[in-house]
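In UniProt numbering, the protein residues as written are 1 to 650.
Don't take each hint at face value.
Cut-off 25 angstroms, straight-line C-alpha distance, at most; resulting in silico cross-link-like pairs (SDA-like, lysine to any residue) [as the list claims (entries may be wrong)]:
#1 Lys146 with Leu114
#2 Lys69 with Ile13
#3 Lys439 with Gly454
#4 Lys149 with Leu49
#5 Lys326 with Ile217
#6 Lys149 with Leu108
#7 Lys418 with Thr368
#8 Lys287 with Leu114
#9 Lys439 with Arg533
#10 Lys69 with Ala37
#11 Lys149 with Phe40
#12 Lys367 with Ala411
#13 Lys367 with Tyr443
#14 Lys149 with Ile131
#15 Lys367 with Ile451
#16 Lys439 with Ser468
#17 Lys439 with Val373
Hints in this document: simulated from the structure, not taken from any laboratory.
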Amino acid sequence: MSTLYESNPNWPICTLSYRHFHLLWTLPLCAVLYLIARPFLTKLDRAKLILLPIIAFVWTTPWDNLIVKNRAWFYHRHCIWFTIGYVPIEEYFFFIVQSLISTLWCTLLTRWYLPNLYLVPSSSSRRKLAIPALTVCALCFVLGLKAAKPETHSYYFGMISWWASLPLALLLWGSVDFVVNIGIRAGLVPCTLSVVAPTVYLWCSDVYALRRGTWHINEATSLNIFPIPDLPLEEMLFFFVTNLILVSACFTFDRCVAICRQTEVSGDTPPLSPSYLPLGSWATYTKLWAAFLRSDRTPFATNASSASVEPRDLSASLKVLRTASKSFNAASLLLPWDLRTDLGCLYAFCRVADDLVDDEAEGLEAKTQNLEVIRSIVDAIYSEGADAAEKAPQSNNPSTPITERIRTMLASVALSAKIKDDIRAAAASIAPLTRYIPKRLWYEMLEGYGIDLGFEHAEADKRTRLESMDDLVEYSQCVAGVVGEMCTRVILGRCGSAVPLDLHVDRSISLRLNGSSITKETSVSQPQTSSSRMLDLSQRADLHTLLYEARRMGVSLQLVNIARDIVPDSVELRRCYLPAAMFDKDDGDMQDALLQGDLDVPKPAAKPNLRPQVEKDHLLQNKCDRKMCASTPSDCYKSPRDSTMPRTQR
């Protein structure tokens, strides 16, 4: 072993230890990237940060020991701590930290795209890309083995060639078509930047270390080609292929998890996703391997028991989201892509249903008919879902895709082709959510639509008129509280803590102002939680508490919207959501004036004094349990009835 560290007098003297190199170049960057990425890391991202360094360490260790044994690299003994085998401990650490740096950087660049959006059969030209990739890798493997002869100038280059070709062949076969299918903006550009940026950074660090003698590349086993001064071609190739391997592995992970999420599931276990990826289960790895081997041309299930939605329907639903609410679309980027998909689809259906009832028909009768169309669509979605399994045999042919059945239902409805396509895509996109959302919640939302339509009734005595705060809370529960419960059920279900479909949540809410009750108290006891106790989501009572608070948050946001839009609702829609009990005797005619739109609208710069209502909304928001917000993602409470949801659902 002592001869291993006998240096050539012509080699540079070590002025920078390997430990100090890590302190200067690798550890600070790794720490910064982790701190930036930490708020966005999903279980899938953490799995990459665990598995990829382990795989890199296992694959590289024997190869690196062989390289150092044959003196392709050299380390001064006083510049390293100690060795394991032939390799310094700092070199083993380099395997880990480089994997972390490249994976974190790739995560930051690629977390914004939706892998399940691109699981579509590749065109014939794209499917051919895997074959050239395999051919090139096979050629590199053969030539690398021939060139990797110790004590020759081609040794180091040959060792890199055959060592990198095997994992690249496997990963490119599994991901190259997928990356190209994503497109230039969302796929090729992030992929290229994920490889190039850390590669260039490590080239700079390598030049810095080589010039200070931290390690030395033996001229006798190198081609001695220096595209960059003091940086051998082999070193440039090494960092490029290692980063290419890591980035390809990241995209391959995304593809496999997206495929797992598309496959049908049984029982209460959710499909693998960024929000549910148990690394301690052997079944997780078998599912990922099966997904890796799956052909892109294999069709996915299209019935309601499918774990996800067809890419074309998902794309149409997300287009509705981007068009209707830029704020919700921007906020959803902070979510894992699986929850972004689900909540985006939930929003899209609420949006198209709201438009169908309010904007795509003239007259109360036509709007009422459209409301029944939405009800029929909900029935069709659940005919082969959870409700049908519990209550009755399926009344429709399960072999008919839900999207085709909805298209048939809409054929006789007088709507434009675009509106029909949006409704069909949005309805099909929420079919997988029947595992988590009971049908009764959709019916409750439709009741809120009915209340809105009641404002347009021709007969004055049959028009909607809210009399008490109880009426206002009831309406807010229908259009906002219910959506808060839906979102929470979906998030918990996707995270592996599904809420039983038969769990009914208390809908009563008590508002107090200055110690006096604004709404009548009910006999049902309100859930009470201690701010010092974390919720146990395996307990039915704690699940009820969580859903109750989600509803309260939704109602609170709805009350804020009502307070904000008092004048627009009156002038544009002839609606008044303020109950009669809120007006003093001197303002007894105010509700009628609001219902008739008979207002002297102030100038745009002036705003009505809404302080009393805002105070009530503020009190309701403050009653939400602080510990609930701490123990549950805040997105559980985000109701599509706030500024990001269709306004006319109110």
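Going through the hints against the structure:
no. : hint               : verdict
1   : Lys146 with Leu114 : 42 angstroms, violated
2   : Lys69 with Ile13   : 21 angstroms, holds
3   : Lys439 with Gly454 : 23 angstroms, holds
4   : Lys149 with Leu49  : 35 angstroms, violated
5   : Lys326 with Ile217 : 54 angstroms, violated
6   : Lys149 with Leu108 : 40 angstroms, violated
7   : Lys418 with Thr368 : 21 angstroms, holds
8   : Lys287 with Leu114 : 20 angstroms, holds
9   : Lys439 with Arg533 : 32 angstroms, violated
10  : Lys69 with Ala37   : 38 angstroms, violated
11  : Lys149 with Phe40  : 46 angstroms, violated
12  : Lys367 with Ala411 : 17 angstroms, holds
13  : Lys367 with Tyr443 : 16 angstroms, holds
14  : Lys149 with Ile131 : 29 angstroms, violated
15  : Lys367 with Ile451 : 12 angstroms, holds
16  : Lys439 with Ser468 : 28 angstroms, violated
17  : Lys439 with Val373 : 15 angstroms, holds
In this structure, the hints that do not hold are numbers 1, 4, 5, 6, 9, 10, 11, 14, 16, in rising order.
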